[in-house]
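Student: Take a look at the letters that make up each chain.
There are 2 protein chains.
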Amino acid sequence: MAVLKQDIIEAHKRIIPYIHRTPVFTSKSINEMFGCSFYFKCENFQKIGAFKIRGGMNASLLLPASKLQKGLATHSSGNHAQAIALAAKLLNTRAYIVMPNNSPNVKVNAVKGYGAEITFCNPTLRAREDTMDEVIKRTGAEFIHPFNDERIIAGQATCAKELIEEINGLDVIIAPVGGGGLLSGTALSAKYFGNDINVFAGEPVGAADAILSFKTGKIESAPYINTIADGLLTTLADITLKIIRENVTDIFTVSEEEIIDAMRLIYERMKIVVEPSSAVPFAAILKHINQFKGKHIGVIISGGNVDLNSFKNWFV
Amino acid sequence: MAVLKQDIIEAHKRIIPYIHRTPVFTSKSINEMFGCSFYFKCENFQKIGAFKIRGGMNASLLLPASKLQKGLATHSSGNHAQAIALAAKLLNTRAYIVMPNNSPNVKVNAVKGYGAEITFCNPTLRAREDTMDEVIKRTGAEFIHPFNDERIIAGQATCAKELIEEINGLDVIIAPVGGGGLLSGTALSAKYFGNDINVFAGEPVGAADAILSFKTGKIESAPYINTIADGLLTTLADITLKIIRENVTDIFTVSEEEIIDAMRLIYERMKIVVEPSSAVPFAAILKHINQFKGKHIGVIISGGNVDLNSFKNWFV
Numbered sequence: 003m004a005v006l007k008q009d010i011i012e013a014h015k016r017i018i019p020y021i022h023r024t025p026v027f028t029s030k031s032i033n034e035m036f037g038c039s040f041y042f043k044c045e046n047f048q049k050i051g052a053f054k055i056r057g058g059m060n061a062s063l064l065l066p067a068s069k070l071q072k073g074l075a076t077h078s079s080g081n082h083a084q085a086i087a088l089a090a091k092l093l094n095t096r097a098y099i100v101m102p103n104n105s106p107n108v109k110v111n112a113v114k115g116y117g118a119e120i121t122f123c124n125p126t127l128r129a130r131e132d133t134m135d136e137v138i139k140r141t142g143a144e145f146i147h148p149f150n151d152e153r154i155i156a157g158q159a160t161c162a163k164e165l166i167e168e169i170n171g172l173d174v175i176i177a178p179v180g181g182g183g184l185l186s187g188t189a190l191s192a193k194y195f196g197n198d199i200n201v202f203a204g205e206p207v208g209a210a211d212a213i214l215s216f217k218t219g220k221i222e223s224a225p226y227i228n229t230i231a232d233g234l235l236t237t238l239a240d241i242t243l244k245i246i247r248e249n250v251t252d253i254f255t256v257s258e259e260e261i262i263d264a265m266r267l268i269y270e271r272m273k274i275v276v277e278p279s280s281a282v283p284f285a286a287i288l289k290h291i292n293q294f295k296g297k298h299i300g301v302i303i304s305g306g307n308v309d310l311n312s313f314k315n316w317f318v
Numbered sequence: 003m004a005v006l007k008q009d010i011i012e013a014h015k016r017i018i019p020y021i022h023r024t025p026v027f028t029s030k031s032i033n034e035m036f037g038c039s040f041y042f043k044c045e046n047f048q049k050i051g052a053f054k055i056r057g058g059m060n061a062s063l064l065l066p067a068s069k070l071q072k073g074l075a076t077h078s079s080g081n082h083a084q085a086i087a088l089a090a091k092l093l094n095t096r097a098y099i100v101m102p103n104n105s106p107n108v109k110v111n112a113v114k115g116y117g118a119e120i121t122f123c124n125p126t127l128r129a130r131e132d133t134m135d136e137v138i139k140r141t142g143a144e145f146i147h148p149f150n151d152e153r154i155i156a157g158q159a160t161c162a163k164e165l166i167e168e169i170n171g172l173d174v175i176i177a178p179v180g181g182g183g184l185l186s187g188t189a190l191s192a193k194y195f196g197n198d199i200n201v202f203a204g205e206p207v208g209a210a211d212a213i214l215s216f217k218t219g220k221i222e223s224a225p226y227i228n229t230i231a232d233g234l235l236t237t238l239a240d241i242t243l244k245i246i247r248e249n250v251t252d253i254f255t256v257s258e259e260e261i262i263d264a265m266r267l268i269y270e271r272m273k274i275v276v277e278p279s280s281a282v283p284f285a286a287i288l289k290h291i292n293q294f295k296g297k298h299i300g301v302i303i304s305g306g307n308v309d310l311n312s313f314k315n316w317f318v
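Read top to bottom, the protein sequences are chains A and B. So the first sequence is numbered by this note's numbering: it starts at 3 and just counts up by one. So the second sequence is numbered by this note's numbering: it starts at 3 and just counts up by one.
It should be emphasised that the hints constitute simulated quantities derived from the structure, not laboratory data. Heads up, some of the hints might be wrong.
If several chains are the same, the list does not tell them apart, and a pair holds so long as it fits within one copy or across any two.
Computed cross-link-like contacts, BS3-like style, restricted to lysine-lysine with a CA-CA straight-line distance of at most 27 Å [said to hold, decoys possible]:
no.: 1; residue 1: Lys297; residue 2: Lys139
no.: 2; residue 1: Lys91; residue 2: Lys69
no.: 3; residue 1: Lys69; residue 2: Lys314
no.: 4; residue 1: Lys91; residue 2: Lys295
no.: 5; residue 1: Lys109; residue 2: Lys314
no.: 6; residue 1: Lys297; residue 2: Lys30
no.: 7; residue 1: Lys109; residue 2: Lys30
Assemble the whole structure, with the sequences as input and the hints as a guide.
Tutor: Written out as structure tokens, the structure is:
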């Protein structure tokens with residue numbers, strides 16, 4: 003079951019009434035600094051503050067009414083939880099979110115704010131899945147995976163589709179990679195709607211599983227986990243790995259220092275708030291800037307949900 | 003010599019090729035939180051990161067060529083210095099900026115980055131003025147005051163003009179007040195281009211001179227100076243005081259805590275970087291929210307030039 007061009011076109015039509023058409027920002031000073039033309043697709047301004055609403059909305063809208071009325075369910079402590087919670091609210095159904103009991107209050111409150119029912123579990127993958135199974139058994143709600151799902155991928159693909167339609171002549175698009183939903187969608191939209199666009203990904207050294215999986219063709223774990231890019235901790239899965247292997251040119255890893263430097267440039271020059279995961283692709287381009295001189299580069303700014311109290315750890 | 007409607011219309015035509023048309027941002031969550039409709043005019047996305055380029059550009063473009071070729075001069079450690087430096091660069095002339103020798107490196111470098119010649123002086127008003135006089139004597143450059151100048155006021159007025167033309171039915175516009183150039187221009191544009199818009203201003207308690215001058219009709223000093231809103235430290239002068247007394251409904255003062263709370267909301271909900279001075283008007287509305295329930299409120303976000311290392315002092 004592949005994600006076809008028509009799937010993405012239809013996903014876009016389906017979700018347009020529910021999402022923001024986010025702006026594409028440019029910065030003359032950044033372009034002059036590095037000798038290329040950057041186009042930042044600002045999903046930090048998207049509803050829920052991240053691109054995840056695109057996939058969440060598409061998957062939800064594809065459910066038959068009889069299924070939808072039983073509700074939506076997922077386990078996540080991040081932006082996907084908010085996406086499913088908001089999708090349920092917009093479609094007048096229930097959201098059942100399983101969250102680890104050590105989730106930050108700010109994230110719990112955001113999900114609660116959309117009226118979702120939260121079930122807390124121990125902070126292990128096993129506990130998450132077991133609790134999720136119980137919730138689904140009890141409610142009959144539809145489980146919506148955060149990335150390994152063609153409906154989600156088609157939804158996330160609409161972000162790059164908008165960018166490609168707005169900016170002519172892109173040579174490159176780069177996205178962050180966690181589970182690979184956004185990257186898969188980006189690569190497919192580049193193939194279907196672009197004209198010879200090379201797609202790259204940025205990944206933290208401290209969560210470097212995708213680069214390994216990309217090379218070996220198997221789902222690999224990261225050698226170690228230690229990064230402020232908390233949206234990129236998950237590994238790829240079968241559907242995203244296949245799409246990425248077939249359609250992505252390369253994956254670059256970046257250090258924590260490189261992430262912070264890129265984030266600082268974005269804050270200082272573009273005056274926008276982005277989460278660390280969003281600075282990873284830009285950091286990756288800057289690290290390999292000689293390869294990209296003179297190019298027209300689309301950069302997916304995936305989200306802007308940060309705890310401002312973390313600033314003191316980053317900007318010193 | 004008043005600032006007429008036609009002066010603002012012509013200023014706008016004059017500067018349009020050199021400035022950004024900045025976007026007006028809205029936030030559903032902020033509107034729901036407070037029960038009114040906010041329209042944030044985002045001059046943090048303006049060239050040099052602040053509205054000051056509007057006035058600086060207008061004043062510079064009004065100079066005869068013979069005068070312009072001798073250069074532009076001002077004393078400032080803030081956004082006005084960058085505005086004059088960029089205006090000079092864009093018009094192929096020299097900028098001579100007098101800066102206190104304790105100015106932060108980031109500001110000195112920004113001005114240098116536009117190719118301006120910097121003359122350092124001791125950090126007193128007297129030393130600034132004396133040094134400025136010497137520079138002007140030596141160069142013949144035109145001194146451009148940061149706010150007490152009709153050309154500057156007409157330029158700053160174009161910001162509210164754009165907001166009024168874009169958003170129908172505004173009841174209120176609020177701007178920050180330092181020297182009063184932006185506030186004067188805002189009030190005049192509301193009168194000339196708006197339909198019964200009340201103009202307010204926000205001022206820090208720790209630099210509360212304008213509210214006193216507004217009441218007494220004389221240029222007053224602040225009882226004390228202690229605020230993170232470093233763009234609002236100057237007092238009004240004769241031209242701005244007169245315009246503000248005649249055209250502004252009220253000035254509200256806000257505490258440092260209220261400024262930080264407002265800034266936090268802007269960062270968290272709107273995902274934009276603003277300088278503390280820019281959060282002052284929003285803080286003022288929130289402090290008097292009962293007076294503004296149900297209203298359509300334009301808020302001038304004056305700029306986004308912050309030292310990220312200050313975040314650790316604000317967001318804790």
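Student: Next, verify each hint and record whether it holds.
Tutor: To see whether the hints hold, each was checked on the structure:
1. Lys297 to Lys139: Neither way: Lys297 and Lys139 sit 51 Å apart in one copy and 47 Å across, limit 27 Å.
2. Lys91 to Lys69: within (15 Å within a copy, 63 Å between copies)
3. Lys69 to Lys314: Neither: 45 Å inside a chain and 48 Å across chains, both beyond 27 Å.
4. Lys91 to Lys295: between (45 Å within a copy, 26 Å between copies)
5. Lys109 to Lys314: Answer is both: 19 Å inside a copy and 21 Å across each meet the 27 Å cutoff.
6. Lys297 to Lys30: within (14 Å within a copy, 37 Å between copies)
7. Lys109 to Lys30: between (35 Å within a copy, 19 Å between copies)
Against the hints set out earlier in the document, violations occur for numbers 1, 3.
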